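Chain by chain, the residues:
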Amino acid sequence: MKGWKMLRNFLTLRKILGLFSVVTAVLVWYILSMVVPPIFIPGPEEVFKGSYNLYKPILAASIVSTLLRVIVGFLIGSILGILVAFAMAWNKFIQWTLDPIIELIRPIPVIALIPLFILWIGLGETPRILIIVFASFVVLVVSTREAIKNVPTVCLNAARTLGASTKGRVFRTIILPAITPEIIAGIKIAAAASFDLAAAAEFIGAQRGLGYIIINAKQFLYTNGVIFGIFLFSLLAWLASLLIRYFDRRINVWTEREAA
Amino acid sequence: MQAPSLRREVKIKVRNLDMVYRGRSPQRGDVAALQQVNFDVYENEIATIIGPSGCGKTTLLFLIAGLLEPTDGEILVDGERVVGSSSQRAVVFQQDAVFPWLTVFGNIEYGLKLKGTPFSERKKIVSHYIDLVGLSEFEDAYPKELSGGMRKRVDIARCYAINPAILLMDEPFGSLDVFTKERMQKELLRIWRTERKTICFVTHDIEEALFISQRVIILSARPGIVRRVIQVPFSENRDLSLRTTNKFQELRRELWQEIAVGEDAHERVENAT
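These protein sequences, in sequence, are chains A and B.
Okay, so the first sequence: first residue is 1 according to this note's numbering, each after it adds one.
Okay, so the second sequence: first residue is 1 according to this note's numbering, each after it adds one.
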């Protein structure tokens, strides 16, 4: 009886439906691959087995080099973005000086910057990472700034009348904890964008990385490899978002969100 | 028992207070919120400030807190002029001001931590006030898990914990439903009887003013001036049934007339000009 109950708790309708849709999607893929020529839609088996065997020697190195670009660019850009937003909130002269610049760079489609960066710096690691730095910076400077602006005045006033007598204390004890949910939301967006841009940047002249695998496979009309590269990219991005979500849950236990 | 306020020490002195909000543009002009406001609040009494909406009650409280600066005049607390905010003048705000990222314990601990009180002592003080406001089972709860009334208790405990010279309350129960509001008024009286404090309480609710305070300071409509100060003759041990007594209702009518008639006269003047 107990085992039955546990099984019932585990197999909720929600989980059954979720599993059903995934299985259906793979099945549809499988059936399509039998009808459509493999150059357009190769079957799941060839994609994973075939590509894995082919790319095995460079797989680890590709993943590492893509991850390195993403992590380095994302970290530099995010930290810079948060710091600049705090500096702007700290001092109104800094704010008045930087506000128009940020409004100016905010709408730039970052991918459009790739040729310009290559023109300036040449092919190589720097422009690729710089693109990711730029995108993460813009996302975090904007979201952090908005978040600081939205801290309720009543919380700031309460802090002042409870003894937070200096700006530093107000920042440390009120603004910083109040905006962590928004900062983490910004980090989620920036991390996703970082993978997007790593792919785009690696299409141009990279000698290593998942983007290189994709563009290389495309040149040989090896569709298996293209799909395999896409799969690995999304796997990494998904794992990154899981990691961020894990920290989000631990840090932001106080927010009023519904359990998903 | 009459409140022997005349023999008590003056805790808050408000002298010739003027507050003018400068217009943002020449067309909009300046708004005089308070004009020549004078009154005293005695040590360990609860004094309410009441008046029609827009009469500058909240402005007055923010001035006493030091969150705003008066255009003219001065405020003295314990004989010292108020300049800027300080933990000597804690405020329970109209809106929910409990910090959502801190637990009940963390919220009440907040001011003590800033003061640099060592942890062992902090823990003692916090537990004491959590008990006093009746939230001992919710020490580790986050504000999102609490009802509106409970959050107000946290807010009151948080202010009490830092032991301020005076406690300022700006329509603290205004957003609560009637029953919770009445319960909170009783609670506040109980807490205040247990640990005396000078409380300056802003409200637009006549019954609330009569129920909780020793004196009611009536402000007129904008610009706010002190129209009258009424001594509330009830004993300190008040029960909700007090509201149904004749004396209470009589005073209620008196206050209502004072405020409503003032409003009327004000409107007549406005219409005439």
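Hints are computed from structural coordinates only; laboratory data are not their basis.
Please note: incorrect hints may appear among the correct ones.
Unchecked claim - Computed far set for chain B versus chain A, every beta-carbon distance over 10 Å: (1) 23; (2) 89; (3) 102; (4) 138; (5) 187.
Unchecked claim - DSS-like cross-link-like pairs, simulated, lysine-lysine; straight-line CA separation at most 30 Å: (6) A:92 <-> B:124; (7) A:92 <-> A:49; (8) A:15 <-> A:92; (9) A:167 <-> B:186.
As the list claims (entries may be wrong) - A partial selection of chain B residues facing chain A, derived with a Cβ cut-off under 7 Å: (10) 83; (11) 90; (12) 93; (13) 95; (14) 114; (15) 117; (16) 118; (17) 119; (18) 123; (19) 144; (20) 256.
No experiment lies behind these values; they were computed from the predicted model shown.
We put the beta carbon where it would ideally sit given N, CA and C, even for glycine.
Hint check: is the beta carbon of residue 144 of chain B less than 7 Å from a beta carbon of chain A?
Hint on residue 144 of chain B: holds, closest Cβ of chain A at ~5 Å, below 7 Å.
Could you check if residue 119 of chain B really has its C-beta closer than 7 Å to a C-beta on chain A?
violated (16 Å)
Would you settle whether the hint for residue 95 of chain B is holds or violated, based on the nearest Cβ-Cβ distance to chain A being less than 7 Å?
Constraint on residue 95 of chain B satisfied, holds at 5 Å.
Hey, does the residue 114 of chain B contact hint survive, CB to chain A under 7 Å?
Result: holds, 4 Å to nearest chain A Cβ.
Was the hint right that residue 117 of chain B lines chain A, CB cutoff 7 Å?
violated (11 Å)
With 10 Å as the threshold, tell me whether residue 89 of chain B passes as away from chain A on beta-carbon distances.
At roughly 6 Å from the nearest Cβ of chain A, residue 89 of chain B sits no farther out than 10 Å, so the non-interface label is violated.
Beyond 10 Å from each Cβ of chain A, as asserted for residue 138 of chain B
Non-interface label on residue 138 of chain B holds, nearest chain A Cβ at 14 Å vs cutoff 10 Å.
Beyond 10 Å from every chain A Cβ: check whether that's true for residue 23 of chain B.
holds (21 Å)
Can residue 83 of chain B be said to touch chain A, with a Cβ gap under 7 Å?
For residue 83 of chain B, the interface hint is violated, since the closest Cβ of chain A sits about 12 Å away, which is over 7 Å.
Within 30 Å, alpha carbon to alpha carbon, are residue 92 of chain A and residue 49 of chain A?
Given that 30 Å is the threshold and the Cα spacing comes to 58 Å, the pair is violated.
Chain A contact restraint on residue 93 of chain B - CB to CB distance below 7 Å
holds (5 Å)
With chain A as the partner, please determine if residue 123 of chain B meets the hint condition of a C-beta pair closer than 7 Å.
violated (18 Å)
Checked against the numbered hints listed earlier, the structure breaks hints 2, 3, 6, 7, 8, 9, 10, 15, 16, 17, 18, 20; every other hint is satisfied.
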